[in-house]
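Model the full assembly from the supplied sequences, consistent with the hints where possible.
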Amino acid sequence: MRFTCIFLLLINYNLFAQFPAPNLVLVKDYSQSLEKDLYFSEKKINTSFKPIIKSNLSENFYSKFLENKELDQKYIKRVFTSGLFILKGQNYFVSVDPLFNFNFGREFIENKNLFINSRGYLVSGNIGDNLSFLTTFMENQAIFPNYVDSYISKNKIVPGQGYARNFKQSGYDYAIASGYLSLDFSKIFTMQFGHGKHFIGDGYRSLLLSDNSFNYPFLRIETKLGKLQYTNLYAELQDLRYFENNSIDNADQIGFAKKYMSTHYLDFKINKKIQLSLFESVIWRTNHAPGENGFDIQYLNPIIFLRPVEYSINSADNMLLGLNLKYNVHSSSYAYSQLLLDEFVLDEFRNDKNFWGNKFGYQFGYKYYDFLTKNLTTQIEYNFVRPYTYAHQNPVQNYGHYNQSLAHPVGANFSEIILINSYSF
Numbered sequence: 063m064r065f066t067c068i069f070l071l072l073i074n075y076n077l078f079a080q081f082p083a084p085n086l087v088l089v090k091d092y093s094q095s096l097e098k099d100l101y102f103s104e105k106k107i108n109t110s111f112k113p114i115i116k117s118n119l120s121e122n123f124y125s126k127f128l129e130n131k132e133l134d135q136k137y138i139k140r141v142f143t144s145g146l147f148i149l150k151g152q153n154y155f156v157s158v159d160p161l162f163n164f165n166f167g168r169e170f171i172e173n174k175n176l177f178i179n180s181r182g183y184l185v186s187g188n189i190g191d192n193l194s195f196l197t198t199f200m201e202n203q204a205i206f207p208n209y210v211d212s213y214i215s216k217n218k219i220v221p222g223q224g225y226a227r228n229f230k231q232s233g234y235d236y237a238i239a240s241g242y243l244s245l246d247f248s249k250i251f252t253m254q255f256g257h258g259k260h261f262i263g264d265g266y267r268s269l270l271l272s273d274n275s276f277n278y279p280f281l282r283i284e285t286k287l288g289k290l291q292y293t294n295l296y297a298e299l300q301d302l303r304y305f306e307n308n309s310i311d312n313a314d315q316i317g318f319a320k321k322y323m324s325t326h327y328l329d330f331k332i333n334k335k336i337q338l339s340l341f342e343s344v345i346w347r348t349n350h351a352p353g354e355n356g357f358d359i360q361y362l363n364p365i366i367f368l369r370p371v372e373y374s375i376n377s378a379d380n381m382l383l384g385l386n387l388k389y390n391v392h393s394s395s396y397a398y399s400q401l402l403l404d405e406f407v408l409d410e411f412r413n414d415k416n417f418w419g420n421k422f423g424y425q426f427g428y429k430y431y432d433f434l435t436k437n438l439t440t441q442i443e444y445n446f447v448r449p450y451t452y453a454h455q456n457p458v459q460n461y462g463h464y465n466q467s468l469a470h471p472v473g474a475n476f477s478e479i480i481l482i483n484s485y486s487f
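If you're matching positions, the sequence shown starts at 63 in the working numbering and goes up one per residue.
Do not rely on the hints blindly, as some may be mistaken.
Under the rule of at most 30 Å between Cα atoms (straight-line distance), these lysine-lysine pairs were calculated in the BS3-like manner [unchecked claim]:
no.: 1; residue 1: 218; residue 2: 320
no.: 2; residue 1: 218; residue 2: 174
no.: 3; residue 1: 289; residue 2: 90
no.: 4; residue 1: 331; residue 2: 249
no.: 5; residue 1: 116; residue 2: 421
no.: 6; residue 1: 116; residue 2: 331
no.: 7; residue 1: 230; residue 2: 286
no.: 8; residue 1: 230; residue 2: 218
no.: 9; residue 1: 90; residue 2: 335
no.: 10; residue 1: 174; residue 2: 230
Beta-carbon label-pair distances, calculated as ranges [what the hints assert, rightly or not]:
no.: 11; residue 1: 218; residue 2: 477; range: 24 to 30 Å
no.: 12; residue 1: 255; residue 2: 158; range: 18 to 24 Å
no.: 13; residue 1: 209; residue 2: 155; range: 41 to 47 Å
Don't read these hints as lab results, they were simulated from the structure. A quick note: this is a predicted structure, and the numbers were derived from the prediction, not measured. Note that the Cβ used here is the ideal one computed from N, Cα and C, for glycine as well.
So, in structure tokens, the structure goes:
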């Protein structure tokens with residue numbers, strides 16, 4: 063039996079100071095304090111594609127949130143609601159903050175000292191009314207518990223983070239960088255370009271696209287028309303093992319084997335209670351070996367439902383389709399679900415429900431705020447994914463990035479039940 067004890071000495075992420083940033087922070091501990099107002103707001107907000115762009119929110123959203131926090135003392139307000147260093151003028155605002163994360167612990171089975179030592183910075187701001195930005199960088203050294211060490215040794219990356227390099231005898235050194243520019247062309251169109259990650263869904267997990275893997279370069283275009291929100295996401299992904307596993311000389315290329323992702327997501331708020339979303343994503347390979355395709359410009363097509371045409375004629379690329387559904391049961395709870403289709407042959411399913419070629423997954427969940435008492439949140443979720451889902455006949459075209467799944471951390475061939483109770487004060 064392993065017992066690991068970790069003492070948290072200091073975390074200064076200064077989340078509230080990120081208000082000048084274009085998006086809500088993609089951190090569950092932070093976003094949960096906002097979720098109830100977001101999900102049951104009178105304003106019709108499409109909540110399933112995250113991070114949510116702040117220009118979609120009402121102007122008094124943050125002031126209302128801060129009032130609820132009752133930050134009465136001036137020095138507390140200074141730390142939690144504004145940047146440490148601020149530059150501002152008539153048409154610009156810049157906030158600069160340091161980032162620290164110091165953890166120390168002990169694994170008693172092997173008498174092993176554990177620690178995480180992270181230092182970095184966060185810069186966010188806006189220029190004029192339509193251009194905003196954020197950039198962060200963290201340098202990290204760490205010694206992890208054995209189960210994390212085993213994962214890193216197998217996958218060559220720190221879970222959810224970057225490429226792991228050896229540090230001293232048993233530790234790792236890794237860096238995390240992210241950032242983006244956000245441009246509001248109008249109340250209808252928003253474009254973001256940067257390096258980060260995204261999450262699709264209203265649950266704890268996502269079977270469509272999650273923030274499980276490392277950051278990636280992306281272009282995000284969001285279009286809002288009344289109750290409709292349409293998102294195009296284009297990303298460059300990497301496979302860390304492709305060259306090594308296929309004995310390919312990559313001396314003429316920079317980095318690892320590259321592949322690309324095009325994702326279309328149509329989100330429709332049917333009424334105050336029901337939100338339905340359609341998802342499609344395709345992974346295709348780039349030119350890293352003789353005879354393979356280069357960058358295919360047709361995948362920049364922003365229109366949804368063209369990719370299933372290629373799917374029906376046995377396209378060589380990895381195609382995924384999905385649904386996301388949320389239903390507000392009442393003012394404090396909602397039910398949610400996802401369906402993912404990788405490959406599905408109805409005749410084979412009728413003949414043999416265990417046919418290996420039928421690759422799909424589904425999710426059901428329920429979340430209740432202020433359950434039994436104020437500030438107690440309860441969530442239950444079930445996830446199921448068939449074997450070989452997300453995989454592809456060409457391994458580099460699997461639905462993954464940096465040796466990690468782009469959806470559920472386990473990948474495929476699993477079922478799980480998650481029960482979460484959290485209390486805030």
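Do the hints match the structure? See the list:
1. Note on residue 218 and residue 320: the hinted pairing holds, with a Cα-Cα distance of about 17 Å set against a maximum of 30 Å.
2. Using a Cα cut-off of 30 Å, the hinted pair residue 218 and residue 174 holds, with the two alpha carbons roughly 21 Å apart.
3. At roughly 25 Å between alpha-carbon atoms, residue 289 and residue 90 fall within 30 Å of each other, so this suggested pair holds.
4. At most 30 Å may separate the alpha-carbon atoms for a hinted pair to count; residue 331 and residue 249 meet this at roughly 18 Å.
5. With a C-alpha separation of about 36 Å, the suggested pairing of residue 116 with residue 421 is violated against the 30 Å cut-off.
6. Between the alpha carbons of residue 116 and residue 331 the distance comes to roughly 18 Å, so the proposed pair stays at or under 30 Å and holds.
7. As the CA atoms of residue 230 and residue 286 are separated by approximately 51 Å, the hinted pair breaks the 30 Å bound.
8. Among the hinted pairs, residue 230 with residue 218 is consistent with the structure: their alpha-carbon atoms are about 16 Å apart, no more than 30 Å.
9. With a C-alpha separation of about 23 Å, the suggested pairing of residue 90 with residue 335 holds against the 30 Å cut-off.
10. The suggested pairing of residue 174 with residue 230 holds, with an alpha-carbon distance near 14 Å, which does not exceed 30 Å.
11. Between residue 218 and residue 477, the C-beta spacing of about 28 Å keeps the proposed range 24 to 30 Å intact.
12. For the hinted restraint 18 to 24 Å between residue 255 and residue 158, the CB-CB distance of approximately 22 Å keeps it satisfied.
13. For the pair residue 209 and residue 155, the beta carbons lie near 44 Å from each other, so the given range of 41 to 47 Å is met.
Checked against the numbered hints above, the structure breaks hints 5 and 7 and satisfies the rest.
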